[in-house]
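There are 2 protein chains.
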Amino acid sequence: MQNPSADRSETGPTVEELGESGLLARILARLSPAATATVGPGDDAAVLRPRGEVVVTSDTMVEGPDFRRAWHSGFELGWKLAATNLSDVAAMGARPIGLTVSIACPADLPVAYLERLAEGLDAACRTLAPGCGVVGGDLGRAPVLTAAVTALGDLGGRRPVLRSGAHAGDVVAYAGDLGLAGLGLSLLFDRAATTRGEAHGRTLGELWTEHPEALAAQLAPSPPIGLGIEAAKRGATAMMDVSDGLALDAARLGEASGVTIDLDPRRLEAAFGERDGERIPLDAMLSGGEDHGLLTVFPALVRLPAGFSAIGRVRPRSAPLLVGGRPHEPRGWDPYLVRWPGDG
Amino acid sequence: MQNPSADRSETGPTVEELGESGLLARILARLSPAATATVGPGDDAAVLRPRGEVVVTSDTMVEGPDFRRAWHSGFELGWKLAATNLSDVAAMGARPIGLTVSIACPADLPVAYLERLAEGLDAACRTLAPGCGVVGGDLGRAPVLTAAVTALGDLGGRRPVLRSGAHAGDVVAYAGDLGLAGLGLSLLFDRAATTRGEAHGRTLGELWTEHPEALAAQLAPSPPIGLGIEAAKRGATAMMDVSDGLALDAARLGEASGVTIDLDPRRLEAAFGERDGERIPLDAMLSGGEDHGLLTVFPALVRLPAGFSAIGRVRPRSAPLLVGGRPHEPRGWDPYLVRWPGDG
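Each protein sequence line maps, in turn, to chains F and C. Each residue of the first sequence is one higher than the one before, counting from 1 in the UniProt record's numbering. Each residue of the second sequence is one higher than the one before, counting from 1 in the UniProt record's numbering.
Chain F extracted, bound-state conformation (with noise of 0.2 Å):
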């Protein structure tokens, strides 16, 4: 994720000069063939040969509300749509096998964008989930930049860890990122936007060598895959994505399981408070938002897997959620209810 301006300027032809056929030619020659898939892109489906049972889950991201095109370039995007639905197939335990990838934009958009973008895609499923790859997909015209994303896993005969399964006594271990997503958006918002809050690129470069941690987390975040697996081998009773901010999703993990998790503020402290330089405040790790990593809880007998670090126990249910044992209210997120800066 260095040097992220080099593809932000695009030049050369638009969607709309190159046509369908020609722009799907020149994504389709960025993108490796799926270990997995016995018919890649190009037929009415693709086909995968899983050896277990299947995961799927989809999410779909909007120019606006989900990303801006002076923040994100092309690359960035691709990888960022790669691995946030990677992150949900990790979260079930299971190894992701393939990505679909519905494209809709306006005819003028630069066709080096979307190259770029097709690139992303690919170098964060070789670096993330080796072996995945975009197996299919399809374009079409939008007002804005939409790209939907649909993610499929292989369990491989494992069964699924879901958000139903911890029971008191459980220790909650996470991995990955924690506030640092969420201190890269502040640092976009405050330093490379307008008083009016529209997105500008000018001060990119800046923040890319002040805070590239937090630019990264942001823009193209890295979640830790293939923990999601070991988690499941290791016994984890409970796993969960944390995408809408940790205490919101302990919030549901605690509520899905009838049990409440009980986050430790020392623990969190120690080993999330200082990323990137500086300090991350307890409510932007108990906030943030897009963190992408994995919420996940195991027996207490058990040894917690490289990267997984202890941050709270489950308890009987009693409230929502308890921070050091005292009820925690968790702030929200809300698509429809948010109002961006820059907004209408």
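Treat the hints with care, since some could be wrong.
[Stated by the list, open to error] Think about it this way: if two alpha-carbon atoms lie no more than 25 Å apart in a straight line, the pair counts; the simulated SDA-like pairs of lysine to any residue are:
| # | chain 1 | residue 1 | chain 2 | residue 2 |
| --- | --- | --- | --- | --- |
| 1 | C | 233 | F | 51 |
| 2 | F | 233 | F | 307 |
| 3 | F | 233 | F | 35 |
| 4 | F | 233 | C | 49 |
| 5 | C | 233 | F | 42 |
| 6 | C | 233 | C | 111 |
| 7 | F | 233 | C | 38 |
| 8 | C | 233 | C | 144 |
| 9 | F | 233 | F | 159 |
| 10 | F | 233 | C | 42 |
| 11 | F | 233 | F | 222 |
| 12 | F | 233 | C | 51 |
| 13 | C | 233 | F | 38 |
| 14 | F | 233 | F | 315 |
| 15 | C | 233 | C | 256 |
| 16 | F | 233 | C | 40 |
| 17 | C | 233 | C | 157 |
| 18 | C | 233 | C | 171 |
| 19 | C | 233 | F | 49 |
| 20 | C | 233 | C | 282 |
| 21 | C | 233 | F | 40 |
Just so you know, these hints were derived from the structure itself, not from any lab.
Take the given structure of chain F and dock chain C to it, following the hints.
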């Protein structure tokens, strides 16, 4: 697909007024479980238990280029989203086992429209592909209503039927509607749009009364999903979903197989030349688009399964396409090149 205007005038709360969790609850209440889903909506991913290889296909529909709310009730849009994706699964010879559906919409969209959409998705699955259902998805914001669907299918131990398996001498057959969806779209533009091409619903009731089959084929098609498996079992050598017009898709199948499809205009006219009480011209059959029937190739000695009509023969590779033995230039569909009436 009768009484289509019943759900067209939505009242009640908007998406913004209800919020994500309330909306999600109302949508989930309208979905039937999928037979092979061991974990349905609500966790990081759904879990499916296929018996054989898995097929996966995605398609996105965006308000404006792909549909108009003045014409499509929520129920019809949901039905069409499911039907068109199920058709791609069928065209591989697979049984549909699950859909994921990502909806992004403006905050002021009436919740009732999405409730009807969920009912349409569910009804189409139950009617066209019993045992299949919506297993997951997500909700987000977009400037216009955007629905991204991924469909999964189970090959049940059979091999997929690809576009590339046709041999010279094989019989070309078709199952489904042909030209009818294109006729429906023409009728809508002629009689339910302003002179500037803006869609309105004022004459929809009339149109539905006069042309029920053409309107249904366009707004809520019923592709022959079950016939995909029938064709595979009967030894089909190649198969594809016809979505961009028979001529263009037949040329694609020919190219993928290294052969040339020769369509027989007399057989086409005999089998598909009259529907909905009126004559469908050959040109409409060849380039109507959105037919979502199964273009299927069988060995010459196979007796065609019920529902299929022979419409041509496979010849050694020559022109991209023959019609009545003579070269035919298929007209193409390109989402980035078409200018819709009403475009800016």
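Okay, the hints, checked on the actual structure:
1. Between the alpha carbons of residue 233 of chain C and residue 51 of chain F the distance comes to roughly 24 Å, so the proposed pair stays at or under 25 Å and holds.
2. A distance of roughly 14 Å separates the Cα atoms of residue 233 of chain F and residue 307 of chain F; the hinted pair therefore holds under the 25 Å criterion.
3. With a C-alpha separation of about 22 Å, the suggested pair residue 233 of chain F and residue 35 of chain F falls inside the 25 Å cut-off, and the hint holds.
4. A C-alpha spacing of about 20 Å is found between residue 233 of chain F and residue 49 of chain C, which places the hinted pair at or below 25 Å, so the restraint holds.
5. For the suggested pair residue 233 of chain C and residue 42 of chain F, the alpha carbons sit about 23 Å apart, so the restraint of at most 25 Å is met.
6. Distance restraint check for residue 233 of chain C and residue 111 of chain C: the Cα-Cα separation of roughly 43 Å exceeds the 25 Å cut-off, and the hinted pair is therefore not satisfied.
7. Under the criterion of a C-alpha separation no larger than 25 Å, the hint pairing residue 233 of chain F with residue 38 of chain C is consistent with the structure, at around 20 Å.
8. Of the pairs offered as hints, the one joining residue 233 of chain C and residue 144 of chain C is violated, with about 42 Å between alpha carbons and a cut-off of 25 Å exceeded.
9. Straight-line distance between C-alpha atoms of residue 233 of chain F and residue 159 of chain F comes to about 10 Å, which keeps the hinted pair within the 25 Å bound.
10. Between residue 233 of chain F and residue 42 of chain C the alpha-carbon distance is near 23 Å, which keeps this suggested pair within the 25 Å criterion.
11. Note on residue 233 of chain F and residue 222 of chain F: the hinted pairing holds, with a Cα-Cα distance of about 22 Å set against a maximum of 25 Å.
12. Taken as a hint, the residue 233 of chain F and residue 51 of chain C pair is honoured in the structure, with Cα atoms around 24 Å apart against an allowance of 25 Å.
13. Note on residue 233 of chain C and residue 38 of chain F: the hinted pairing holds, with a Cα-Cα distance of about 20 Å set against a maximum of 25 Å.
14. For the given pair, residue 233 of chain F sits about 24 Å from residue 315 of chain F by alpha-carbon distance, which is consistent with the 25 Å threshold.
15. In summary, the hint linking residue 233 of chain C to residue 256 of chain C is supported, as the alpha carbons are separated by about 22 Å, within the 25 Å threshold.
16. A distance of roughly 23 Å separates the Cα atoms of residue 233 of chain F and residue 40 of chain C; the hinted pair therefore holds under the 25 Å criterion.
17. Between residue 233 of chain C and residue 157 of chain C the alpha-carbon distance is near 11 Å, which keeps this suggested pair within the 25 Å criterion.
18. Using a Cα cut-off of 25 Å, the hinted pair residue 233 of chain C and residue 171 of chain C holds, with the two alpha carbons roughly 16 Å apart.
19. Straight-line distance between C-alpha atoms of residue 233 of chain C and residue 49 of chain F comes to about 20 Å, which keeps the hinted pair within the 25 Å bound.
20. Of the supplied pair hints, the one linking residue 233 of chain C and residue 282 of chain C is violated, its CA atoms being roughly 31 Å apart against a limit of 25 Å.
21. For the given pair, residue 233 of chain C sits about 23 Å from residue 40 of chain F by alpha-carbon distance, which is consistent with the 25 Å threshold.
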